[in-house]
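Novice: Protein chains in written order, with our numbering: chain S, 0 to 314; chain L, 217 to 525.
Derived by calculation from the structure, the hints in this document are not laboratory data.
Note that this is a predicted model, so its numbers are computed, not measured.
Some clues are possibly wrong.
What the hints assert, rightly or not - The following label-pair restraints were derived from C-beta to C-beta distances:
| id | chain 1 | residue 1 | chain 2 | residue 2 | range |
| --- | --- | --- | --- | --- | --- |
| 1 | L | 239 | S | 23 | 47 to 57 Å |
| 2 | L | 388 | S | 284 | 32 to 42 Å |
| 3 | L | 264 | S | 304 | 44 to 54 Å |
| 4 | S | 52 | L | 440 | 40 to 50 Å |
| 5 | L | 375 | S | 21 | 24 to 34 Å |
| 6 | L | 375 | S | 268 | 53 to 63 Å |
| 7 | S | 54 | L | 234 | 21 to 31 Å |
Stated by the list, open to error - Computed from the model, here is a short list of chain S residues facing chain L with C-beta under 7 Å:
| id | residue |
| --- | --- |
| 8 | 53 |
| 9 | 66 |
| 10 | 81 |
| 11 | 88 |
| 12 | 90 |
| 13 | 94 |
| 14 | 98 |
| 15 | 211 |
| 16 | 213 |
| 17 | 215 |
| 18 | 217 |
| 19 | 284 |
| 20 | 288 |
| 21 | 295 |
C-beta: ideal position from N, C-alpha, C; glycine also.
These are the residues of each chain, in order.
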Amino acid sequence: MTLPMGRPMREIFGETVAELANEDPRIVVLDGDLGSSTRADIFERAHPDRYLQMGIAEQNMLGVAAGLATMGFMPFISTFVSFALIRPLDQVRVLIAQTGLNVKITAGYAGLFTGMAGKTHQIVDDVSIARAMPGIVVVSPADDVEAAQVLRWSATYDGPVYVRLVRDATQRLFDDGYRFEFGRAVLLREGRDVTLISTGSQTPRVVDAAGILAGAGIDAHVVHLPTIKPVDVEAIVAAAERTGRVITVEEHTIIGGLGGAVAETLSEHRPTRLHRVGLPDIYTESGPNDALLDLYGLSAVRVAEQVTQALERMG
Amino acid sequence: MSDPLPASVPHAVASAGPAIDTAEIARLEEIARRIRVEIVRTVNHARGGHLGGPLSVTDILTALYFRILRVRPDDPGWPDRDRLVLSKGHSSIALYGAMALRGYFPVEELATFDAVHSRLQGHPDMCLLPGLDMSTGSLGMGISAGVGMALGARLAGRDCRTFVVLGDGECQEGSVWEAAMVGARYGLANLVAIVDHNKLQQYGWPGDTPEHRLPPEAPGELLAKWTAFGWRVLEVDGHAMGELVRTLEEATRGEGRPTVVIAHTVKGRGVSFMEDRYYWHTRLLKPEEFAQAMAELGEPAPAVEGGPT
Numbered sequence: 000m001t002l003p004m005g006r007p008m009r010e011i012f013g014e015t016v017a018e019l020a021n022e023d024p025r026i027v028v029l030d031g032d033l034g035s036s037t038r039a040d041i042f043e044r045a046h047p048d049r050y051l052q053m054g055i056a057e058q059n060m061l062g063v064a065a066g067l068a069t070m071g072f073m074p075f076i077s078t079f080v081s082f083a084l085i086r087p088l089d090q091v092r093v094l095i096a097q098t099g100l101n102v103k104i105t106a107g108y109a110g111l112f113t114g115m116a117g118k119t120h121q122i123v124d125d126v127s128i129a130r131a132m133p134g135i136v137v138v139s140p141a142d143d144v145e146a147a148q149v150l151r152w153s154a155t156y157d158g159p160v161y162v163r164l165v166r167d168a169t170q171r172l173f174d175d176g177y178r179f180e181f182g183r184a185v186l187l188r189e190g191r192d193v194t195l196i197s198t199g200s201q202t203p204r205v206v207d208a209a210g211i212l213a214g215a216g217i218d219a220h221v222v223h224l225p226t227i228k229p230v231d232v233e234a235i236v237a238a239a240e241r242t243g244r245v246i247t248v249e250e251h252t253i254i255g256g257l258g259g260a261v262a263e264t265l266s267e268h269r270p271t272r273l274h275r276v277g278l279p280d281i282y283t284e285s286g287p288n289d290a291l292l293d294l295y296g297l298s299a300v301r302v303a304e305q306v307t308q309a310l311e312r313m314g
Numbered sequence: 217m218s219d220p221l222p223a224s225v226p227h228a229v230a231s232a233g234p235a236i237d238t239a240e241i242a243r244l245e246e247i248a249r250r251i252r253v254e255i256v257r258t259v260n261h262a263r264g265g266h267l268g269g270p271l272s273v274t275d276i277l278t279a280l281y282f283r284i285l286r287v288r289p290d291d292p293g294w295p296d297r298d299r300l301v302l303s304k305g306h307s308s309i310a311l312y313g314a315m316a317l318r319g320y321f322p323v324e325e326l327a328t329f330d331a332v333h334s335r336l337q338g339h340p341d342m343c344l345l346p347g348l349d350m351s352t353g354s355l356g357m358g359i360s361a362g363v364g365m366a367l368g369a370r371l372a373g374r375d376c377r378t379f380v381v382l383g384d385g386e387c388q389e390g391s392v393w394e395a396a397m398v399g400a401r402y403g404l405a406n407l408v409a410i411v412d413h414n415k416l417q418q419y420g421w422p423g424d425t426p427e428h429r430l431p432p433e434a435p436g437e438l439l440a441k442w443t444a445f446g447w448r449v450l451e452v453d454g455h456a457m458g459e460l461v462r463t464l465e466e467a468t469r470g471e472g473r474p475t476v477v478i479a480h481t482v483k484g485r486g487v488s489f490m491e492d493r494y495y496w497h498t499r500l501l502k503p504e505e506f507a508q509a510m511a512e513l514g515e516p517a518p519a520v521e522g523g524p525t
């Protein structure tokens with residue numbers, strides 16, 4: 000049995016920020032000419048006066064956001080990760096992270112799902128990069144329900160936030176009763192044999208993998224880390240203590256992202272056998288979503304395979 | 217001193233308001249002189265920092281802080297204040313000198329420039345020094361922040377103006393032109409950019425001799441570019457205080473689009489051996505050079521201040 004599909008996070012973005020802006024006059028959305036893709040167009044229709052087209056000029060867009068923030072506005076940046084974080088990285092660093100200004104980098108098209116755009120648009124090193132930058136927090140919601148709550152939370156947080164959003168519909172993990180808590184891990188399944196830690200829309204696939212593993216007699220403990228910075232040290236250590244073996248799974252490079260954060264945490268606080276599942280040190284290629292997940296070992300079936308193999312090696 | 221305004225470039229301030237009276241010009245020139253003294257003294261004391269750029273931008277910052285800007289140094293967070301962004305953040309010591317003399321902080325605090333725990337960082341840090349409207353230092357960014365401030369002022373219905381001071385070398389950064397494009401798109405009449413056009417950058421392209429480096433832009437290039445990007449362009453001698461003030465006042469009239477003032481300046485202005493010499497961008501003064509510089513600025517200093525202890 001697999002988790003059902005939810006709605007695309009990009010639609011949730013447009014709708015949620017538009018709703019937030021009904022009550023919060025500080026909110027403006029800055030678009031880098033991709034509103035019809037990122038669904039900033041939903042916000043534009045609701046609040047045309049607070050939709051600010053910045054054109055295909057993303058370095059300037061991040062700087063304008065900083066200037067708007069000094070005037071009391073709360074800018075939400077809407078474009079692809081590649082253009083919201085990577086291309087204007089120095090603007091993010093100097094004008095937003097170093098100043099602590101109240102800018103929300105709510106970037107779409109994180110990970111592999113880019114409408115088959117390929118490696119220029121598939122950003123799988125953003126968590127490592129954002130995580131290393133002082134002054135900015137990093138949140139990667141699992142599904143549409145959590146994405147809406149993360150966006151709502153971000154408007155209550157005074158400072159720079161990087162939110163990783165996914166283009167396409169992904170599996171729904173949470174019901175409406177779920178409540179996102181910044182900085183807190185979420186225990187999704189209790190198990191004894193191995194701890195699986197995941198983030199973002201990879202987490203529903205890990206939950207499905209745990210179901211497959213259960214059928215093979217492997218009882219996985221599953222933890223979701225929506226907040227990658229600051230990381231929930233206590234929860235990671237507790238989960239490691241419970242099973243003695245930890246496997247991280249992420250739709251991202253295994254260097255410096257979730258796997259890196261967990262490795263650092265455990266090495267320092269409770270050395271534990273660890274294996275990282277994710278993208279090796281490569282650039283990815285274009286293809287249909289399911290084919291990519293299979294190719295890069297991130298589908299539920301392929302995750303279950305890798306966990307089984309890793310456990311054999313770990314002993 | 218060399219004439220900063222090339223003969224081929226017309227003064228473009230025909231419609232400016234009444235001339236500034238001579239006593240007011242003299243007042244501003246004396247303030248500028250004192251800022252230059254503080255620049256040379258402070259950089260010499262810190263044994264590091266920029267000289268050429270701060271000395272070229274001094275008159276511009278003097279005109280802004282002491283004549284143009286609507287600010288309250290005793291209430292630096294006043295929401296309706298005019299904003300100033302020093303996009304060429306490496307000229308921070310000129311900004312600090314102007315702010316100190318304007319009353320934002322004691323002049324004595326300039327001695328902490330570049331030291332640890334100082335509010336006067338090598339490049340301006342808005343988190344440390346009240347009255348600083350934006351952190352800068354990585355070139356080409358301040359103009360974007362200025363566009364955001366001007367846009368925010370309009371959205372919030374505030375009457376304040378935003379001034380951004382750029383270097384001419386900085387105008388090589390592509391992001392400057394992204395900001396120029398967007399500023400014109402939004403018709404930001406409440407935005408004024410001032411280019412400190414001193415015709416030199418840190419090192420520059422090689423010229424005819426080892427001493428000579430080519431200017432960051434060809435003559436007329438900045439005028440053509442800003443014009444092409446839809447900005448109203450004014451040009452002025454950036455050291456002629458009366459004309460400078462009148463031009464900046466004219467610049468705030470807006471006319472439905474942002475205005476850029478191309479201020480023709482001399483790098484190292486006020487110290488004869490620094491003027492128009494690229495290598496005084498950052499260079500340590502020898503004791504005798506320090507003494508000569510202070511004497512030329514009308515403030516002879518004891519020779520013992522010239523060197524490290």
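Novice: Are the hints correct? Go through all of them and say.
Specialist: Cross-check of the supplied hints:
Checked against the given bound of 47 to 57 Å, the beta carbons of residue 239 of chain L and residue 23 of chain S, roughly 51 Å apart, stay inside it. Separated by about 36 Å at the C-beta atoms, residue 388 of chain L and residue 284 of chain S satisfy the suggested range of 32 to 42 Å. Checked against the hint of 44 to 54 Å, the pair residue 264 of chain L and residue 304 of chain S fails, with Cβ atoms roughly 59 Å apart. For the pair residue 52 of chain S and residue 440 of chain L, the beta carbons lie near 26 Å from each other, so the given range of 40 to 50 Å is not met.
Checked against the hint of 24 to 34 Å, the pair residue 375 of chain L and residue 21 of chain S passes, with Cβ atoms roughly 27 Å apart. Between residue 375 of chain L and residue 268 of chain S the beta carbons are some 55 Å apart, a value that agrees with the proposed interval 53 to 63 Å. Checked against the given bound of 21 to 31 Å, the beta carbons of residue 54 of chain S and residue 234 of chain L, roughly 40 Å apart, lie outside it. Because the beta carbon of residue 53 of chain S sits about 6 Å from the nearest beta carbon in chain L, less than 7 Å, this interface hint is met.
Against a cut-off of 7 Å between C-beta atoms, the interface hint on residue 66 of chain S holds, since the closest Cβ of chain L lies about 2 Å away. Interface restraint check for residue 81 of chain S: the shortest CB-CB distance to chain L comes to about 16 Å, outside 7 Å, so the restraint is violated. Annotation: interface hint on residue 88 of chain S violated; nearest CB of chain L at approximately 11 Å, more than 7 Å. For residue 90 of chain S, the shortest C-beta to C-beta distance to chain L is roughly 6 Å, which falls under 7 Å, so the interface hint holds.
With 7 Å as the threshold, the beta carbon of residue 94 of chain S comes within range of chain L, its nearest partner Cβ sitting at about 6 Å, so the hint holds. The restraint placing residue 98 of chain S at the interface with chain L holds, with a minimum CB-CB distance near 5 Å, inside the 7 Å limit. The closest approach between the C-beta of residue 211 of chain S and any C-beta of chain L is roughly 49 Å, which is over the 7 Å cut-off, so the hint fails. Interface hint status for residue 213 of chain S: violated, as the beta-carbon distance to the closest one in chain L is roughly 51 Å, over 7 Å.
Taking 7 Å as the C-beta cut-off, the interface hint given for residue 215 of chain S is violated, the closest approach to chain L being about 53 Å. A least Cβ separation of about 50 Å between residue 217 of chain S and chain L goes past the 7 Å threshold, and the interface hint is therefore violated. Because the beta carbon of residue 284 of chain S sits about 30 Å from the nearest beta carbon in chain L, more than 7 Å, this interface hint is broken. At its closest, the beta carbon of residue 288 of chain S sits 33 Å from a beta carbon of chain L; the interface hint therefore is violated under the 7 Å criterion.
Restraint check, residue 295 of chain S versus chain L: the minimum CB separation of about 34 Å is more than 7 Å; hint violated.
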